[in-house]
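K.L.:
Residue numbers (my numbering): 258 to 415.
It should be emphasised that the hints constitute simulated quantities derived from the structure, not laboratory data. Hints may be right or wrong, so weigh each one.
DSS-like, lysine-lysine: derived pairs with alpha carbons at most 27 Å apart [what the hints assert, rightly or not]:
id : residue 1 : residue 2
1  : K399      : K316
2  : K383      : K403
3  : K383      : K408
4  : K383      : K399
5  : K383      : K310
6  : K403      : K310
7  : K310      : K399
8  : K310      : K408
9  : K383      : K316
10 : K316      : K408
11 : K316      : K403
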Amino acid sequence: MFAYLLINFVLALIWCFLTETFTVTTFVIGNLLATGVLFLSRRLLGEPVFFRKLGVFVKLLVVFTREVLVANVQVAWWILRPRLRVQPAMIRLPIALETDAAITALAGMISLTPGTVTVDVAPDRKSLEVHCLNVPDIAATKAGIKEMFEKPLRELER
């Protein structure tokens, strides 16, 4: 029960940030909306699934944020060096995601990470074409994307 209250409080704060109004009324409305969201998610997904998926989502969000920050520093370093020493590559990344939402999320996360951009999704939705600014090891790059982004998305997809 404490977890539901904490999530409710966080969702209400998010509502205040989204509306850019930090008043008691906005916070109360945010709490009511959050209660409704939690009630519907509990009835639809069941309590254990909700908490498992929430944990995976938060972990994915933290990993994605870290990767974006690290990639920003790396790209800035590559650009500011006297000689540009990068090994650009176009790689085909096989994926095991099934839903359009998960594939779109993966493509978006790749494109939002500096130095990489998703160019195309295969017609059979089994791979992505990704352009990378610097790829010293293609296999390691593929494994990194699959481990950091695709694996949690597969768990959220179930």
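K.L.:
Give a verdict on every hint.
P.N.:
Now for the hints, and whether the structure bears them out:
Distance restraint check for K399 and K316: the Cα-Cα separation of roughly 20 Å lies within the 27 Å cut-off, and the hinted pair is therefore satisfied. Restraint check: the Cα-Cα separation between K383 and K403 comes to about 13 Å, which is no more than 27 Å; the hinted pair holds. A distance of roughly 15 Å separates the Cα atoms of K383 and K408; the hinted pair therefore holds under the 27 Å criterion. For the hint pairing K383 with K399, the CA-to-CA distance comes to about 14 Å; that is within 27 Å, so the pair holds.
About 24 Å separates the Cα atoms of K383 and K310, which keeps this hinted pair within 27 Å; it holds. Restraint check for K403 and K310: satisfied, since their Cα atoms lie roughly 18 Å apart, inside the 27 Å limit. Using a Cα cut-off of 27 Å, the hinted pair K310 and K399 holds, with the two alpha carbons roughly 24 Å apart. Distance hint between K310 and K408 is fulfilled; the C-alpha atoms sit about 13 Å from each other, no more than 27 Å.
For the given pair, K383 sits about 25 Å from K316 by alpha-carbon distance, which is consistent with the 27 Å threshold. A distance of roughly 11 Å separates the Cα atoms of K316 and K408; the hinted pair therefore holds under the 27 Å criterion. Restraint check for K316 and K403: the C-alpha separation of about 15 Å stays at or below 27 Å, so the hint holds.
In the structure shown, no violation is registered for any of the earlier numbered hints.
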